[in-house]
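Make a model of the complete structure from these sequences and hints.
Spelled out from the first residue to the last, the chains are:
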Amino acid sequence: MKVSIDIHVNGERYQKEVEAQTTLLEFLRGTLHLTGTKEGCGLGDCGTCIVLLDGKPVNSCLVLAADAGGRKVTTIEGLAVDGKLHPVQQSFIDNSAFQCGFCTPAMILSAKALLDKRPEPTEQEIKQALGGVLCRCGSHQKILAAVQAAGKGEK
Amino acid sequence: MSQDASYIGKRVQRVDASVKVTGSAVYGVDVELPGMLYGAALRSPYAHASIIAIDTSAAIQSTGVRAVVTGKDFPCLFGDMVRDQPFLAIDRVRFVGDPVAAVAAETEAEALEALEKIRVQYEELPAVFDPREAMAEGAPLIHPDFETYLRTIPASMVPGTNICVTRKFSLGNVEQGFAEADEIFEDTFSAQALSHATMEPHAAVAQYTPLDGRYTVWSASDRPQRLHKELADALGLAHTQIRFIVPYVGGSFGGKNTLRAEAIAVALARFTHGRPVKVVFSREESITATQTRLAAHMKLTTGVKKDGLFTARRAEIVWDNGAYISNAPGVANRGVLTILGPYRIPNLDLVSRLVYTNNETTGSYRGFGTTQVTWACEGQMDIIAAKLGIDPLTIRLKNAYVEGDAYINGQIMRDVRVKETIEKAGAEIGLGTGGPGPSPTRRRGKGIATMLKSTATPTDSFCLVKVDVDGGVTVYSSSSEIGAGEKTIMAQIAADAVGVPLAAVSVPNPDTAITPYDHGVSSSRTTFHMGNCIQQAGRDVRGRLIQFAAGILKTDPARLRISAGNIIEAGTGPRMTLKELLAKKFNGKSGAVFGEGHFTPAGKPVLEAREGLKGISSIFWMFATHAAEVEVDTETGVVKVLKVAAAHDIGRAINPTGCEQQIEGSVVLGVSNTLFEEFKKERGRILNDGFSDYKLATMEDLPKIVSILVEADPDKEALAVAKGIGEPAAAATAPAIANAIYNAVGIRIKDLPITPDKVLAALKRQALDK
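Order-wise, the sequence lines are chains A and B. Under my numbering, the residue at position 145 of the first sequence is numbered 145, and the numbers go up by one with no gaps. Under my numbering, the residue at position 158 of the second sequence is numbered 1158, and the numbers go up by one with no gaps.
Please keep in mind that the hints were generated in silico from the structure rather than gathered at the bench. Hints should not be assumed to be uniformly reliable.
Claimed, not checked - Interface residues of chain A toward chain B, partial, derived using beta-carbon atoms under 7 Å: (1) GLY36; (2) ASP45; (3) ILE76; (4) GLU77; (5) ALA80; (6) GLY83; (7) PHE92; (8) PHE98; (9) CYS100; (10) PHE102; (11) THR104.
None of these values were measured; they are calculated from a predicted model. Where is the CB? At the ideal position from N, CA and C, for every residue including glycine.
Laid out in structure tokens, this is it:
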């Protein structure tokens, strides 16, 4: 069964027909070709598919596209504005906070959501906020430094 | 010719930074092509069974299906070392997850739906999962036709068993060594199988063009050139009929170097009339049906004098190969030949047996055998130290290799700084200092472990370096960017070798139709081998450019150099820019100048060894010491790693930040492997096939990590002394943690992982013994 959705992704409005069971992840990657959002497990365990839904991080593999209708979705592709990187993206570069890069979009979006809410989070708050995203390269120490630096510099 | 070192040795920003923080990097799972179909595999529910019949008639009729393939339709075998593995099972399945049939359909959902309509009739066979049982005579034989397989390594089955590769090595006289010992220690250790758990699951797209019989494969692999050859050999195709295109790789750790998703996609693509087929493994498939670390059972018998000096060691290792041979024979050999650690042991008797079982195939895993043997070697080291009353630091320093010592094959080792790593890691953690812990039930302790590793030698790297009309430099290399910073290192070296700004260098991803042969991103070899290769090619092209410039400027080429994109004459200064030179050279039109590189350590005098043993010499030796501080909760058995000091004999850090990334990453991997990861199995089926119950370390488990880079004399040329860093950092963390636990609470866990239940059981035994 197809359903219509009307959704804002990265500031652009999309009106599409999707199968009712289509996840937000499938919609972003398959329909909109926004492949910066990654699928690491499809079960909500790894966090690599995290996007911001009305500013809050969600595992997009666990959200139906239809349920995101009428809401604002931010993916990694929507973070830089007019060719200028978001401060969190810049801080990830400055602190070498990535290796293979597969979890990086989810790490950056999770960090942005945290910093929007808590501009100067404690180390423990950062660890908790990013603990839901797995990183097998083990970039954690540099990610922690990147988020701390972004928090200090941003506001 | 003066050497520019504007970038080598500097903390330059990674060249893959912007594509990775903006989500625009294209990985294996992101590849999309016109007309692309989606493929999926039906997998065996049995660990060992004969296939009696497969009925695909209903699947072929299923909506959207374009091809259904079984092993009988595509009866080819692959395997780089032993060609024992079918693309799809032919008449027998050998592990739970063995692919039996595959479907290509218009959508992934349609492919999965069709799989359910395939009917397979199996006849279950007796299975064997423990290699110690599989090596016994009378065990069910997993590959009765082994002797018919083609092989490129010395492998032969011990008749009546599943032992497929045996390696023995002796040095001196072990019996005499034991006779001279004051104490003899005998301990058994085991290291578990592990999932590489790359965040990007295995994925591939394959396209077959029926008119010319060519295959193109998009594969996120760490060694595309060798997969290229493996596939050509398996299919009986010419080298030029295959092409591997490599996107960004979302982690490998040794887990993406054989045909996995590629095998399914290739088999399907043969039957889809030119349409490409994409296969993306589910997380369950990536965990259960790719390859794992080899589980190892290691028995160590070691003789020592009262003063702590070794007299002899006997080591017997039984390795679980799993169902098919990937590169496990290499792992087993490397492992057994380093189970002496970085220590002088005059008498050795080493035996390694690699055994087929009905488990998932095993193979390389970051460390290539050293993670398993270092666990045993360094665990026993502390047992010996405790019994003799010598502190862990002193006993290691006493036995450690020094500059000019001979490795077990007689190779004279150069650039040996193992003692410095032991001293520096020990000092940073404050070994032997610190309180017992914040409370009677939360006890703290510190431990240390050290290791050595060789790199595969000799291996080849080829590359091309191109300079375009605007002075832009392109590096054509088949070294994949698996996340370890390969592109950045290559760009740094090229920029210095040619004499241009780093921003002028680009390093495209590998494409085996364009980028020349390289042995692969493995064995911690890329910085040294591909680095030297690129330096050679960069200097080659620089030489040509200087010749052109000398002609145009009417001067002696020996007076010219290139720096930051400028042609500089000795005594005069900048004469023209590289761009101006090339505009003149090409008469204002376009063009390109190429430099070639080929590096191999073959024939280098430093590899000389005793007769017949040169094959285990290494062009460089890696040494590392990790020291850990842990807190053990004696009520829950939970171990928390507070700090790890990791000292690495790196020779020369081409990019110190990159070295730190490798070390920090390996420590987190080490913590995860040591405390959390193991497979729960039932009759060969992996029950914890997702991240909800195959737990990885997260941000919340992060210890404070201090990386210490131990380097060579700064006057030496960087690429003459640089060593690898990708693997050595993975081996020492586990035993350092175990030794710290012993230091904290006096218990010794010898079988990985160190789970809370094992800690509690050991504490209970300890209390009963008192």
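Against the structure, the hints come out as follows:
The criterion of a C-beta within 7 Å of any C-beta in chain B is met by GLY36 (chain A), whose closest approach is roughly 2 Å, and the hint holds. Here the hint on ASP45 (chain A) is kept, as its CB sits about 4 Å from the closest CB of chain B, short of 7 Å. Annotation: ILE76 (chain A) was flagged as interfacial toward chain B, and the flag holds, the nearest CB pair being 3 Å apart, inside 7 Å. The restraint placing GLU77 (chain A) at the interface with chain B holds, with a minimum CB-CB distance near 5 Å, inside the 7 Å limit.
Here the hint on ALA80 (chain A) is kept, as its CB sits about 6 Å from the closest CB of chain B, short of 7 Å. At a threshold of 7 Å, the smallest CB-CB gap from GLY83 (chain A) to chain B is about 10 Å, leaving the interface hint violated. For PHE92 (chain A), the interface hint holds, since its Cβ comes within 7 Å of a Cβ in chain B; the closest pair sits about 5 Å apart. The interface hint given for PHE98 (chain A) holds, since its Cβ lies 5 Å from the closest Cβ of chain B, which is under the 7 Å cut-off.
For the restraint placing CYS100 (chain A) at the interface with chain B, the shortest Cβ-Cβ distance is roughly 3 Å, inside the 7 Å limit, so the hint holds. Interface restraint check for PHE102 (chain A): the shortest CB-CB distance to chain B comes to about 3 Å, inside 7 Å, so the restraint holds. Checking THR104 (chain A) against chain B: minimum C-beta separation of about 5 Å stays under 7 Å; hint holds.
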